[in-house]
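Visitor: Each chain is listed here by its residues.
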Amino acid sequence: MSTDVRSRPDDPARALARRARRHFLLDVWARFVRNRLAVASLLVLVVLFLAAAFAPVIAPADPNAIDLRPEMNLATPSLAHPFGTDDSGRDWFARALYGARVSLSVAFTAMVISTTIGTLVGSTAGYFGGAVDTVLMRLVEVLLSLPLFFLILIAQALLTPSILNLTWVIGVTTWMNVSRIVRAEVMAISATDYLQAAEAIGVPHGRRILRHVLPNAAGPIIVAATLSIAYAILTEAALSYLGLGVPLPDPSWGNMLQKGLTRLQEAPWLVLCPGLLISVTVLAFNFVGDGLRDAFDPLMKHR
Amino acid sequence: MEPGVKSLLAAAAMQRLVAIRLLHSLLVLLIVSIGSFALMRYTPGDPVAALIGQQARLMSPEDLAVIRRNLGLDDPVHVQYGLWLRNALQGDLGYSLGLKRPVTGVIAERIGPSFTLIGISLVLSIVLGVSFGVLSAVRRNTAFDHAVTVGSFIGNSMPQVWVGLMLVFLFAIKLRWFPAGGMVTLGSSGGGLGDRLEHLVLPVTTLTLTNLVVWTRYQRASLLEVLGQDYIRVARAKGLGERTVLLRHAWRNSLLSVVTLLGNSFVFLVEGAYIVETIFSWPGLGRLGVEAILKRDYPLVMGVAILSSLFIISGNLLADLAYGALNPRLRSR
Amino acid sequence: MTTTDDDREAGPTGPRGRLGRDLTDAGLGPAFDRRQVIRLAGGLGAALMAVPGLGSGAAQAAGGNRMAAVYAAIQEGQPGGTLIAAIPFDLWSIYNPLIGQSDAFIFDQLWRFDPNLVPIPRLAESYEVSEDRTVYTIRLVQNATWHDGQPLTAHDVVFTWQTMLKPDVNFPYKFALQVNGQDIQAEAVDDHTVKLTLPAPSAALIAHLTAPWIFSVAPKHLLEGEDPETSSFNTQPIGSGPFKFEEQVDGDHQTLVRYDAYFGGAPLLDELITRPITDLQARLAAFQAGEIDVNTREEDVIATEQFAATEGSTPYILPTPYVQQFTMNNADPVFADPIVRKAIAHALDRAAMVRTVVGDETYVALSVMGPGHWAYNPDVPAYEFDPEKAKSMLDQAGWAVGSGSIREKDGVRLSFVNQPWRDFERNYAPLIQQYLKAVGIEMKIETVPDYATVQEIRQSGKAQSLFFGSIDYEPGELHQYFHSSQMPPTGLNLWQYSNSEVDQLLEEGNQEIDVEKRKPIYARIQELILGECATIPLHVHLNNVIVRTDRVGGYPEPTGNWLGVLLAAPTQVYKKQ
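Residue numbers (the numbering used here), protein chains in the order written: chain A, 1 to 303; chain B, 1 to 333; chain C, 1 to 577.
Just so you know, these hints were derived from the structure itself, not from any lab. Every value quoted in this text rests on a predicted model; they were computed, and no experiment measured them. Even for Gly, the Cβ is constructed at its ideal location relative to N, Cα and C. A portion of the hints provided could be inaccurate.
What the hints assert, rightly or not - Incomplete in silico selection of chain C near chain B, CB under 7 Å:
#	residue
1	Glu229
2	Ser232
3	Asp250
4	Asp279
5	Gln281
6	Ala282
7	Ala289
8	Ile302
9	Asp450
10	Met487
Unchecked claim - Calculated from the model, a selection of chain A residues having no Cβ within reach of chain B, i.e. all distances over 12 Å:
#	residue
11	Val28
12	Trp29
13	Ala80
14	Leu139
15	Pro268
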């Protein structure tokens with residue numbers, strides 16, 4: 001007879017499990033919604049994502065289109081150009097929209113990469129323990145002992161600057177902290193009665209990790225993922241300042257910030273735009289992450 | 001067990017812990033050095049060409065080869081590493097290719113300014129962070145708490161380069177309250193303590209603003225967790241005043257996670273202030289390291305990488321030790 | 001943000017001589033032409049000419065003491081004060097002329113360029129050249145001393161010369177002390193006379209020796225027997241220049257103090273402090289906050305105007321003979337056809353691009369050297385902005401528009417990769433990309449993050465398109481850039497240009513000493529290079545200086561190509577009290 005409760009559709013345990021699962025997430029959502037700041041931030045992020053997604057529709061001009069006429073040089077914001085133009089006559093609003101696409105997708109993809117690797121490594125270490133744990137955690141420790149920013153720098157210097165390389169570099173250099181969080185959670189969960197019971201009835205390793213351990217560890221993972229997006233956006237800005245970020249002519253908030261800073265005193269709106277966008281976005285992610293952390297914590301220890 | 005034997009056992013356990021950690025740390029340092037070395041060697045970009053530059057237009061290939069040989073760049077990689085390691089163990093980190101001075105000397109010069117800048121900012125962050133964190137935890141969910149949360153998050157969300165230059169624009173150029181950069185006013189008029197403090201205000205503010213949130217949040221979360229514990233409830237039930245409960249019991253225990261965070265912060269002493277150092281023309285290690293990488297100055301990069309790894313490792317070690325010392329549960333084991 | 005390697009690149013130096021390029025717009029060599037001398041105008045030059053005895057031929061005869069007298073006659077300032085100068089790149093960490101790490105104020109040279117780029121005597125009071133141009137006899141001033149009091153003699157000069165040429169010494173400019181790869185022999189005839197014996201005549205010898213970063217005299221009594229790379233001398237250098245080394249905090253500042261016993265007359269300034277500030281915004285902020293007296297080596301007009309907006313400051317916009325160019329690898333199938341190259345030139349609106357990137361279209365360049373240089377040929381073919389002409393040229397040559405709106409012919413698609421590195425290169429690239437797209441040529445941009453990688457790309461010889469420049473002060477330098485023997489990896493002919501007539505002319509030009517005879521040679525060379533459109537000149541490199549004239553005096557009105565007052569007359573600048 002199969003041990004998996006799902007293969008027996010009429011089993012009352014299944015209905016119970018289903019209800020418990022659904023309720024858990026709804027619980028989280030209910031708690032999250034109570035945090036007005038987090039909800040407001042989430043709305044802001046949704047608006048930003050939508051704007052980025054519909055950039056081709058919203059943008060008044062081609063973001064890379066150059067117009068060298070003197071009147072288009074550092075034009076102040078106007079109806080035709082809501083955020084003004086830069087020194088090559090490019091529309092700054094269009095660049096902000098397309099820049100949102102680039103910055104947000106780089107940050108999001110980097111987050112996916114780092115979360116995936118981190119979860120893999122952390123859960124393997126936390127679940128199997130022993131020698132596996134020791135080896136993996138020593139590796140993590142070594143990698144964490146390397147100055148992170150230098151690592152990113154060296155990697156970017158090694159590779160031709162491109163959006164893809166940038167994403168990989170940020171993703172591959174930030175998974176270590178995720179792995180530590182995941183490992184701690186997995187170790188805690190593996191020791192619970194719930195998991196011991198699963199082992200006792202013979203649920204195989206893989207299924208145990210995927211079905212039982214990870215969903216319960218999801219909370220901290222999601223929180224870490226959210227915060228890593230914020231970190232990725234700031235890192236992209238820092239790298240662009242060094243000239244190692246998204247290469248021209250493609251816009252990204254980071255290289256827009258760098259460009260704006262070169263004209264800080266003549267055309268301050270050029271730097272205000274990406275500066276505010278980055279700040280607001282990172283802030284929103286921070287609030288959402290904080291809200292999620294509170295929402296996932298069943299004991300509400302931190303409220 | 002008698003108390004004497006208990007503490008002896010505890011001391012022995014502590015020593016074993018320290019020894020193991022030290023061994024681990026050395027292993028980590030070794031791996032870090034090999035990794036950095038390999039990474040630098042296989043990065044494209046020839047340091048000789050970079051360092052001599054276009055000026056040496058008519059240098060013959062023979063001359064260039066001589067320079068490469070003189071700098072030891074022709075030997076196989078493991079030989080070069082072995083040489084580096086042997087010298088490093090004796091305290092000689094080699095010669096910087098670009099600056100033509102011993103690496104140890106170059107780094108020693110930059111440590112002072114780095115420590116000053118980042119040390120002061122760290123102390124400020126901790127003091128302010130702990131204060132705000134404790135107050136926030138005690139007054140949780142009040143307007144004060146929300147204001148602190150929002151405020152510290154805002155500081156963390158802004159790109160450092162933006163914050164720094166905005167501060168310079170406002171306070172150094174428009175208002176003329178503080179200088180725009182450098183460590184002291186040059187020439188015969190500068191150099192006093194007041195002058196140095198004046199030059200520190202803007203860079204320290206930039207660094208502190210962006211890092212404050214971490215300390216605040218950690219302290220707040222940690223204190224809240226401790227306040228929810230049973231033994232605090234016991235203390236309250238015993239009739240102890242809120243103040244005593246807070247100061248004697250709760251807060252000290254909440255410091256544990258803050259101390260852990262302190263260990264992780266050591267790395268900022270090297271790399272965290274690169275941008276601030278550039279904007280404010282501060283001769284620190286962060287700037288040194290980044291420029292060394294861009295110039296492929298291998299010995300200098302190795303020196304800075306090893307130094308920062310050393311900081312991270314010792315930070316962690318100290319945090320572990322402090323954790324062990326502070327945690328009453330661990331102490332009695 | 002390109003960092004501190006800019007100093008190794010484009011253009012001449014400002015007041016600091018570190019790794020820059022020097023320029024001249026007057027003749028070099030012993031036969032000074034009166035006409036060129038009279039062209040010197042303004043400021044110091046006029047004053048020099050006004051003093052009897054100074055003029056053609058006599059310029060080299062005027063001693064250092066005479067210079068001091070002249071300066072003393074026209075100076076109006078009071079001694080004292082500290083001058084703070086800012087430079088956009090890092091200073092050397094150690095100083096030793098023997099390894100090419102000199103400082104223009106601590107160490108002195110045989111000749112120096114004056115504000116109008118005429119080499120005027122410094123330590124070399126006078127010199128004579130033999131009939132066959134292979135023996136130079138240089139007479140040194142009698143009263144020059146080192147900062148430790150010892151007299152500077154011919155033995156110091158010879159020691160410096162010979163040490164620089166030693167195979168195990170890493171002196172990067174050995175070519176300046178050689179002719180065709182063979183060493184020039186130096187010997188001390190007596191305490192104040194040096195004899196140089198050349199294997200063959202060299203038109204560029206004096207120019208090379210005058211460039212401030214190449215040959216400065218090092219003290220034999222302190223450096224003999226020492227390893228130039230590691231000597232303790234390097235962190236406390238002793239020179240013979242107008243300023244003494246006081247202290248240096250790496251990455252922060254360098255302090256020099258007046259050397260009272262300087263043979264050319266003690267400087268008026270008490271202290272000269274240099275602050276290396278690589279970040280433009282940080283430098284601008286410091287200047288606006290009043291922390292800087294003189295800001296040097298600004299490359300574009302836009303930044304210069306921002307500095308000049310500060311009350312009490314005066315900008316000096318100074319073009320140089322160095323021209324920034326858009327390079328095309330002539331050996332690459334994409335650029336092999338001269339019609340393609342010419343079409344590209346017609347497709348670009350250089351005036352608009354220079355106006356956008358540099359700030360002023362006056363500085364559009366037409367040739368491989370700047371208009372102020374004596375060897376400049378104003379009649380080179382100019383490819384005016386005409387995209388329609390570009391398109392029809394390409395059509396007629398058989399470059400038909402193919403897939404993706406990109407032209408192709410015989411299997412070659414007009415699509416290439418351009419690799420910009422420095423800030424202004426990254427500013428040009430998207431503009432050029434857009435112009436070329438309009439005529440059916442695709443340019444892909446791959447930015448290079450740092451100088452080391454750029455060098456590697458240049459040496460590989462495989463780069464299709466880069467940004468590069470040529471000549472600082474001597475037209476003979478064109479040899480390194482356009483002679484067919486100078487292909488990468490050993491040479492700098494990144495254009496991979498090969499033309500046997502140009503080769504021959506370049507060799508001729510290097511041998512010919514007479515300026516009047518050199519001019520037509522280099523004119524023809526420019527005609528040929530631009531005629532084939534081997535390269536596309538963009539703008540004349542600028543070397544702007546912004547001075548707080550409300551606080552600093554003694555800076556004469558700049559003329560000529562490059563201002564080096566502080567360099568040529570460091571004793572003259574003063575701080576207003």
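Visitor: Each hint needs a verdict: does it hold in this structure or not?
Guide: Quick rundown of the hints versus the structure:
1. Glu229: holds, 6 Å
2. Ser232: violated, 11 Å
3. Asp250: For C/Asp250, the interface hint holds, since the closest Cβ of chain B sits about 6 Å away, which is under 7 Å.
4. Asp279: holds, 5 Å
5. Gln281: Holds, about 6 Å.
6. Ala282: For C/Ala282, the interface hint holds, since the closest Cβ of chain B sits about 5 Å away, which is under 7 Å.
7. Ala289: holds, 4 Å
8. Ile302: violated, 17 Å
9. Asp450: holds, 4 Å
10. Met487: With Cβ-Cβ at 12 Å, over 7 Å, it is violated.
11. Val28: holds, 18 Å
12. Trp29: holds, 20 Å
13. Ala80: holds, 27 Å
14. Leu139: Violated: least Cβ distance 9 Å, not greater than 12 Å.
15. Pro268: Its Cβ does come within 12 Å of chain B, the nearest being 8 Å, so this is violated.
Checked against the numbered hints given earlier, this structure breaks hints 2, 8, 10, 14, 15; the rest are met.
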